[in-house]
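Turn these sequences into a full structure, and let the hints steer you where they fit.
Listed in order, the protein sequences are those of chains A and B.
Start counting the first sequence at 0; every next residue gets the next number (numbering that gives the first Met the number 0).
Start counting the second sequence at 0; every next residue gets the next number (numbering that gives the first Met the number 0).
Take every hint as true, because none was put in to throw you off.
Derived coverage of chain A by chain B (criterion: at least 3 residues anywhere in the stretch with Cβ under 8 Å from a Cβ of chain B; other residues may be distant):
hint : stretch
1    : 11–20
2    : 52–58
3    : 267–279
4    : 341–355
5    : 359–371
6    : 400–410
7    : 501–511
Computed spacing ranges between beta-carbons, pair by pair:
hint : chain 1 : residue 1 : chain 2 : residue 2 : range
8    : B       : G90       : A       : E322      : 53 to 59 Å
9    : A       : R427      : B       : E359      : 42 to 48 Å
10   : B       : Y315      : A       : S303      : 38 to 44 Å
11   : B       : L257      : A       : D452      : 54 to 60 Å
12   : B       : R314      : A       : D177      : 54 to 60 Å
13   : A       : R427      : B       : D130      : 54 to 60 Å
Just so you know, these hints were derived from the structure itself, not from any lab.
Glycine included, each C-beta is placed from N, C-alpha and C at the ideal position.
Protein chains: 2
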Amino acid sequence: MSLNIVMAQINLCVGDISGNVKKIIDAAQRARQEHQAQLVIFPELTLTGYPPEDLLLRPSFLEAVEQAVEELTSAISGIKLLVGYPVRKQGKLFNAAGLLGDGKVHVEYLKQALPNYSVFDEKRYFSPGIDAVVFNHQGVNFGITICEDVWENEPVEMAVKAGAQVILNLNASPFDSDKRNQRETLLQTQASKHGVAIIYVNLVGGQDELVFDGGSMAVRESGHIVYRAGFFQEALLPVNCDLDLEARLPVPFSEDKLSLIHRALVMGIRDYVQKNGFHGAVLGLSGGIDSALVLALAVEALGSDQVEVLSMPSRYTLDMSNEDALLQAEKLAVKHACIPIEKPFSAFMELLSSEFEGLEADTTEENIQARCRGILLMAISNKKGKILLTTGNKSEMSVGYATLYGDMAGGFAPIKDCPKMLVYELARYCNRDGEVIPQRVIDRPPSAELRPDQKDTDSLPDYEILDEILELYVEQDASAQNIVERGFEEATVRRIIRLVDINEYKRRQAPPGVKITQRAYGRDRRYPMTNRFRSDML
Amino acid sequence: MSLNIVMAQINLCVGDISGNVKKIIDAAQRARQEHQAQLVIFPELTLTGYPPEDLLLRPSFLEAVEQAVEELTSAISGIKLLVGYPVRKQGKLFNAAGLLGDGKVHVEYLKQALPNYSVFDEKRYFSPGIDAVVFNHQGVNFGITICEDVWENEPVEMAVKAGAQVILNLNASPFDSDKRNQRETLLQTQASKHGVAIIYVNLVGGQDELVFDGGSMAVRESGHIVYRAGFFQEALLPVNCDLDLEARLPVPFSEDKLSLIHRALVMGIRDYVQKNGFHGAVLGLSGGIDSALVLALAVEALGSDQVEVLSMPSRYTLDMSNEDALLQAEKLAVKHACIPIEKPFSAFMELLSSEFEGLEADTTEENIQARCRGILLMAISNKKGKILLTTGNKSEMSVGYATLYGDMAGGFAPIKDCPKMLVYELARYCNRDGEVIPQRVIDRPPSAELRPDQKDTDSLPDYEILDEILELYVEQDASAQNIVERGFEEATVRRIIRLVDINEYKRRQAPPGVKITQRAYGRDRRYPMTNRFRSDML
Numbered sequence: 000m001s002l003n004i005v006m007a008q009i010n011l012c013v014g015d016i017s018g019n020v021k022k023i024i025d026a027a028q029r030a031r032q033e034h035q036a037q038l039v040i041f042p043e044l045t046l047t048g049y050p051p052e053d054l055l056l057r058p059s060f061l062e063a064v065e066q067a068v069e070e071l072t073s074a075i076s077g078i079k080l081l082v083g084y085p086v087r088k089q090g091k092l093f094n095a096a097g098l099l100g101d102g103k104v105h106v107e108y109l110k111q112a113l114p115n116y117s118v119f120d121e122k123r124y125f126s127p128g129i130d131a132v133v134f135n136h137q138g139v140n141f142g143i144t145i146c147e148d149v150w151e152n153e154p155v156e157m158a159v160k161a162g163a164q165v166i167l168n169l170n171a172s173p174f175d176s177d178k179r180n181q182r183e184t185l186l187q188t189q190a191s192k193h194g195v196a197i198i199y200v201n202l203v204g205g206q207d208e209l210v211f212d213g214g215s216m217a218v219r220e221s222g223h224i225v226y227r228a229g230f231f232q233e234a235l236l237p238v239n240c241d242l243d244l245e246a247r248l249p250v251p252f253s254e255d256k257l258s259l260i261h262r263a264l265v266m267g268i269r270d271y272v273q274k275n276g277f278h279g280a281v282l283g284l285s286g287g288i289d290s291a292l293v294l295a296l297a298v299e300a301l302g303s304d305q306v307e308v309l310s311m312p313s314r315y316t317l318d319m320s321n322e323d324a325l326l327q328a329e330k331l332a333v334k335h336a337c338i339p340i341e342k343p344f345s346a347f348m349e350l351l352s353s354e355f356e357g358l359e360a361d362t363t364e365e366n367i368q369a370r371c372r373g374i375l376l377m378a379i380s381n382k383k384g385k386i387l388l389t390t391g392n393k394s395e396m397s398v399g400y401a402t403l404y405g406d407m408a409g410g411f412a413p414i415k416d417c418p419k420m421l422v423y424e425l426a427r428y429c430n431r432d433g434e435v436i437p438q439r440v441i442d443r444p445p446s447a448e449l450r451p452d453q454k455d456t457d458s459l460p461d462y463e464i465l466d467e468i469l470e471l472y473v474e475q476d477a478s479a480q481n482i483v484e485r486g487f488e489e490a491t492v493r494r495i496i497r498l499v500d501i502n503e504y505k506r507r508q509a510p511p512g513v514k515i516t517q518r519a520y521g522r523d524r525r526y527p528m529t530n531r532f533r534s535d536m537l
Numbered sequence: 000m001s002l003n004i005v006m007a008q009i010n011l012c013v014g015d016i017s018g019n020v021k022k023i024i025d026a027a028q029r030a031r032q033e034h035q036a037q038l039v040i041f042p043e044l045t046l047t048g049y050p051p052e053d054l055l056l057r058p059s060f061l062e063a064v065e066q067a068v069e070e071l072t073s074a075i076s077g078i079k080l081l082v083g084y085p086v087r088k089q090g091k092l093f094n095a096a097g098l099l100g101d102g103k104v105h106v107e108y109l110k111q112a113l114p115n116y117s118v119f120d121e122k123r124y125f126s127p128g129i130d131a132v133v134f135n136h137q138g139v140n141f142g143i144t145i146c147e148d149v150w151e152n153e154p155v156e157m158a159v160k161a162g163a164q165v166i167l168n169l170n171a172s173p174f175d176s177d178k179r180n181q182r183e184t185l186l187q188t189q190a191s192k193h194g195v196a197i198i199y200v201n202l203v204g205g206q207d208e209l210v211f212d213g214g215s216m217a218v219r220e221s222g223h224i225v226y227r228a229g230f231f232q233e234a235l236l237p238v239n240c241d242l243d244l245e246a247r248l249p250v251p252f253s254e255d256k257l258s259l260i261h262r263a264l265v266m267g268i269r270d271y272v273q274k275n276g277f278h279g280a281v282l283g284l285s286g287g288i289d290s291a292l293v294l295a296l297a298v299e300a301l302g303s304d305q306v307e308v309l310s311m312p313s314r315y316t317l318d319m320s321n322e323d324a325l326l327q328a329e330k331l332a333v334k335h336a337c338i339p340i341e342k343p344f345s346a347f348m349e350l351l352s353s354e355f356e357g358l359e360a361d362t363t364e365e366n367i368q369a370r371c372r373g374i375l376l377m378a379i380s381n382k383k384g385k386i387l388l389t390t391g392n393k394s395e396m397s398v399g400y401a402t403l404y405g406d407m408a409g410g411f412a413p414i415k416d417c418p419k420m421l422v423y424e425l426a427r428y429c430n431r432d433g434e435v436i437p438q439r440v441i442d443r444p445p446s447a448e449l450r451p452d453q454k455d456t457d458s459l460p461d462y463e464i465l466d467e468i469l470e471l472y473v474e475q476d477a478s479a480q481n482i483v484e485r486g487f488e489e490a491t492v493r494r495i496i497r498l499v500d501i502n503e504y505k506r507r508q509a510p511p512g513v514k515i516t517q518r519a520y521g522r523d524r525r526y527p528m529t530n531r532f533r534s535d536m537l
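See the structure below:
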């Protein structure tokens, strides 16, 4: 006899407990109607969305969850759901998965391995469970684990010792560009090592800095992957679960890293904008590559009618920049306006003339230009209820080559975790089916256009070199000496590291954006601002 | 025979390992010369400062610490130091305290209780120790614990069972307005419960959002406090430690809460500015109470010659405001300039006229004024290397009654954790020895002066009411229903809670400021921005 299981890879919203309950009930009904499902597996913390952060400290939030568990339990009959939620027991809080249906919570598993690194803070909220939970359904013994549990040995081993033949694993595993391979290798290793099949259900959707990419899968005890849901999309994927998970619908997977990053960015934008109820987006289009890429991504995420752009030339803006901005806006059919910043800029310079008397021009004057643009963009954002998308990339966020309250202004910064070289790759990728970013924007040397004939390379090394140094220092925690030993020029390495260190205060005030690397700025990398450690000297 | 111990309550800087080593050596020498000390106790993580955050993930940082421990150990002879530092053992990292001297680490204790709540993330970095450490020095058995250890029962009990007669506790315990009483009660309880004397040494100084207040103390096994160091100041306090800690210098403590908060704010400003190497501070002086208080605090922290102010009147600014700003600047002898914002403001309005055609005036126009001021202040900050102090209070940060990139612009926001009613109390306190804040600034009704005849109470309830609702909701996690049951008007409660919830995105981009309440915005309160939980409805 075969048992139909459905992996419910759905997009939930943090805090939207009643909305999430509706989504769960809807998925359960469809799983039964379309796939004759007897058991549906949902992502980690299904009811609250992930991560609920300090909402978990509010008693009223936990009460709302408890009510929702009751409602859901009594709303479901003739089918069982494995659903995640926080649960209070003996004065402690646990990250739980309950098997619900027919008015009962049949079993409840409490997560044992609580991640407290990178973007995760689960030990801030949860106590660890200590027991394996195995339940029998139609003759099959199912063990339950939650996310991090399968990244460690013990919870899986305990479940198998308790008789589990198939492990059901609920996940909220955020995307980064290497995560897919890590997950696959992990599941294959765990399955074959412990001789147990694993059904891995992941969340999908954007939440502040994170994008959950789905990619749910089922792995035989041999380690062979037999089912796989798509990435960055909701899916109800049926798994015909006799003991060796016979393949009914094996999904080959061939998407490359670049296309996954691209989809992560698009989903990250769409979900931040839509889940927060904005009436579309606005951004400053300079004729440079960063804003060109953000525009292309925003149009994919939201549609042309939901995006508008503003060009804000100064005395230093080249005609080429204005032309290319207009060209792209026309190509993508987005509303475009052009407001030169000369008037407010000269008004500020005049007002400051006595304060600045006798002092040399420096980046202050450049910052004023960037901030005039920030004011115009925020004015449109405020007046029209459109979110301002910030167009900075990770390379400039790293070294502080950006103006706080100027080009750093905005509600969401889609490419803030994309190094500049990746920005180029993504721009070319966006043009794969026809030019949406003018070729000249991709080809011309990058410039902030804040003073005559300025080029990024006046202040920074070539981006090929900069990005490699930054990855070693920021993502891999390499020391200056380590990096120099790899063949980079010592003075450059020390200067770049120093710039990263002294610009922490800027990043602390930056808008959130999509994490796509192994270590993004934001909750993922927590540095003191007051910090006298001279990383550049070691 | 008596044993001289010195509590070294010193101000360390995060990351400044070599500077901290120098401070330790200097304190040790003075403790020996001035107090014939045989043993000196330092605060938690002495070598790195607290909290080092993700610096702890850098191998080069940990190597630098290891070298520093060696250097320090060989530099010290004829006296023993109990010093805190992170230590790597068996692939794990521990928060340790080592007894150093005469070229040796005599014993090393590994912290057992790792706080991972509120502002603390110690489980992100450290593994817990499992053993008590007791050492004998001149016939006395000393147990070692670190900070959180004494807030729990087990580490103290284990030390006593292992023979400790006196417990030496190294701390980095940040200030909040109730912490002093909590600490005293705790130490008295632990000492008398376990029949053990406790010497409690706390860090002093500001670090980003935190201020460590010192107040080190020694408690007899009876629970009687016999020594106490001052608050918010460095001190080398000798404790004549025969077994019952005979009192040589009992310090009576009578300072009230308001004066402690005041000192926390002053130290927080001074240390942020000085540890980050700014050439003084600048702030916008509006004639309102918030900026008046920040100016008074900044002058106390930095001195008149290190502070300058800018008044930036608009068409809506009353003469009274300009007069009072000038009056205060003169009283405090700070550089004062006045730059009206009319010109850039009208330039922006003109530029936006076609975009805004047919749309009603709203807060957009108010925000543009605030942002013109932000540009002027940041220009002076950038040009002169002076940090911009942000003048917003906790009440307005809570409900979003502030303009992002406008009055929220700045590097440090001293009173961001002070509710408005406390701002009034602090302003009166600043005038205790003579008027430094003009009385009219304190007496007049608060107004943002961003439109004609505007008053804060047009948009918000009276601050007495607002602040009480906010404390219940933000600090105590009360539900809307709880708050209504306390007698507040339901519609007001729901509106305020809603405002707090939807303004999380603003707070995420706010500058840091001094934590003085039990729950500050920042690392202390971690809320999702994308959050559909309707706290206002529950």
